[in-house]
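Using the sequences and the hints, build the whole thing.
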Amino acid sequence: MATLNDLTAAIEVLLNHPMGINQYQLANQVAPKAYEAYIFGLCLRAVRELNVTPVLRGIQGRPAPFVFRGSPGKIHTMTKNYGYAEFSINGQDFEVHAGVEFKGTSGITHELDVCIMRADGANKCRNPTTRGDPTAASLIGGWECKFYDKRLQKVLGRAFVGLIDDLGTNIRLAGLCSDKTYGPLRDFFRPQRRPYADFELTPLCPKNEDFFVKRIADTLKK
Amino acid sequence: MSNHDYTPQEALDTLLSIVRQRDSELMHKIQIAIDAGTEDQEEERSGGKKKTVRKYKVNRPYSPAEALDVAIGVLQAYFVETPLFINSALTAFEQAAIGASVKSFAGNVERDVSREDEGKSKEVQIELKTETQISQSDQEVFPLEARPPEEIEKQKENIAQLKKLVTFS
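Each protein sequence line maps, in turn, to chains A and B. Residues in the first sequence are numbered consecutively from 192, following this note's numbering. Residues in the second sequence are numbered consecutively from 1065, following this note's numbering.
Treat each hint with caution, since some may be false.
[Said to hold, decoys possible] Residues of chain B placed beyond 12 Å of chain A at every Cβ, according to the derived structure: (1) 1068; (2) 1093; (3) 1106; (4) 1107; (5) 1110; (6) 1155; (7) 1225; (8) 1233.
[What the hints assert, rightly or not] Straight-line Cα separation of at most 30 Å, DSSO-like style, residue types lysine-lysine; simulated pairs: (9) 1193/B with 398/A; (10) 1218/B with 1186/B; (11) 1115/B with 341/A; (12) 1193/B with 371/A; (13) 398/A with 1220/B; (14) 1093/B with 371/A; (15) 1228/B with 412/A; (16) 1227/B with 371/A; (17) 1227/B with 398/A; (18) 405/A with 1193/B; (19) 1227/B with 341/A; (20) 405/A with 1184/B; (21) 1121/B with 341/A; (22) 1184/B with 1227/B; (23) 345/A with 1186/B; (24) 1227/B with 1121/B; (25) 341/A with 1228/B; (26) 1186/B with 1220/B; (27) 315/A with 1186/B; (28) 315/A with 1193/B; (29) 265/A with 1186/B; (30) 265/A with 345/A; (31) 371/A with 1218/B; (32) 1121/B with 371/A; (33) 1093/B with 345/A; (34) 1186/B with 371/A; (35) 341/A with 1220/B; (36) 405/A with 1186/B; (37) 398/A with 1218/B; (38) 1218/B with 341/A; (39) 371/A with 1115/B.
Simulated from the structure, these hints should not be mistaken for laboratory data. Virtual Cβ for every residue (Gly too), placed ideally from N, Cα, C.
Right under this line is the structure:
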């Protein structure tokens, strides 16, 4: 029979592990961005599934290190050597970005945590003579990434559906990614033309990862 | 017959008490997750001729057993999932090539891609001091560093063991 002493010992073992309480402060600081980096990485994996090697770039040159934005920013920002990835499929060039702002059809700007866009649209926005926010028309896919340590909130669904609605009809793929799930929110995304509910998207659920990656690869092939 | 000499409430109190002593901020996160409660669907059958079923949602607090599950979910998110996200991202970056120079604005991709970097680990950072931030940061960037998979596995086992000790059904 399990005793309270057994329980206390198990809790202590968990907290005292090198990846327990001592690394919590670090993990807490970057967990949401680490989740975005993970989804960015899944996009790179989707490209590789098509036998294409993605190329990492920095806006100022060689991305060493590759820098993820800490807050939403402009695609042309030169403050730091922010990183992105590029790849070509069927003669068309694309880029993967994180935390870049897009101009919605209403004129307001929206940040997408991770996105795949047409490279010509990105080039135009980086060019000093035509600098600006990328338009929704250049988007191929966009994902909101929510690392959550608690139940997902309904407001996330409403906000993301509104955001995608303002990004026009060119976008082929959109999803709310989270390491957690919530039944009612999944139902909210069920109707046709709503973004996908990419819930429980975590390395702890490899099937969900495979499904997510395949959907991106299939969309890029079209 | 229960395999525990403690109740779910006692188990929850023990877990929260130990976490509170070790890190009050983590404890606060767990408390928020627990206090969010949950939503259930309830049904009410009418006894009239039509015998209709009316369904509606109700909010309720978590039971102690459910709250334990939520609390362990929070610990798993930081102790297991976050290191896994970092390792997964770094693996994906490792398999990419590197473009050495600034990309041409004309749209033609310059042939400057270093294939030698394919398969090599890459230095990846998360910006902590953002471009619009005025206040000082202790640290400007956070370098992503791979965690030993065996350590992550061990923490997964520790989480599984804890879940076993708080499973009452």
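Each hint tested on the structure:
{"no.": "1", "hint": "1068", "result": "violated, 5 Å"}
{"no.": "2", "hint": "1093", "result": "violated, 6 Å"}
{"no.": "3", "hint": "1106", "result": "holds, 14 Å"}
{"no.": "4", "hint": "1107", "result": "holds, 16 Å"}
{"no.": "5", "hint": "1110", "result": "holds, 25 Å"}
{"no.": "6", "hint": "1155", "result": "violated, 7 Å"}
{"no.": "7", "hint": "1225", "result": "violated, 5 Å"}
{"no.": "8", "hint": "1233", "result": "holds, 14 Å"}
{"no.": "9", "hint": "1193/B with 398/A", "result": "violated, 36 Å"}
{"no.": "10", "hint": "1218/B with 1186/B", "result": "holds, 26 Å"}
{"no.": "11", "hint": "1115/B with 341/A", "result": "violated, 39 Å"}
{"no.": "12", "hint": "1193/B with 371/A", "result": "holds, 28 Å"}
{"no.": "13", "hint": "398/A with 1220/B", "result": "holds, 18 Å"}
{"no.": "14", "hint": "1093/B with 371/A", "result": "holds, 15 Å"}
{"no.": "15", "hint": "1228/B with 412/A", "result": "violated, 45 Å"}
{"no.": "16", "hint": "1227/B with 371/A", "result": "holds, 17 Å"}
{"no.": "17", "hint": "1227/B with 398/A", "result": "holds, 23 Å"}
{"no.": "18", "hint": "405/A with 1193/B", "result": "violated, 35 Å"}
{"no.": "19", "hint": "1227/B with 341/A", "result": "holds, 17 Å"}
{"no.": "20", "hint": "405/A with 1184/B", "result": "holds, 25 Å"}
{"no.": "21", "hint": "1121/B with 341/A", "result": "holds, 20 Å"}
{"no.": "22", "hint": "1184/B with 1227/B", "result": "violated, 38 Å"}
{"no.": "23", "hint": "345/A with 1186/B", "result": "violated, 37 Å"}
{"no.": "24", "hint": "1227/B with 1121/B", "result": "holds, 29 Å"}
{"no.": "25", "hint": "341/A with 1228/B", "result": "holds, 21 Å"}
{"no.": "26", "hint": "1186/B with 1220/B", "result": "holds, 26 Å"}
{"no.": "27", "hint": "315/A with 1186/B", "result": "holds, 28 Å"}
{"no.": "28", "hint": "315/A with 1193/B", "result": "holds, 28 Å"}
{"no.": "29", "hint": "265/A with 1186/B", "result": "holds, 24 Å"}
{"no.": "30", "hint": "265/A with 345/A", "result": "holds, 28 Å"}
{"no.": "31", "hint": "371/A with 1218/B", "result": "holds, 22 Å"}
{"no.": "32", "hint": "1121/B with 371/A", "result": "holds, 21 Å"}
{"no.": "33", "hint": "1093/B with 345/A", "result": "holds, 19 Å"}
{"no.": "34", "hint": "1186/B with 371/A", "result": "holds, 29 Å"}
{"no.": "35", "hint": "341/A with 1220/B", "result": "holds, 19 Å"}
{"no.": "36", "hint": "405/A with 1186/B", "result": "holds, 25 Å"}
{"no.": "37", "hint": "398/A with 1218/B", "result": "holds, 22 Å"}
{"no.": "38", "hint": "1218/B with 341/A", "result": "holds, 23 Å"}
{"no.": "39", "hint": "371/A with 1115/B", "result": "violated, 38 Å"}
Figure legend: structure checked against the earlier numbered hints; hints not met, in rising order: 1, 2, 6, 7, 9, 11, 15, 18, 22, 23, 39.
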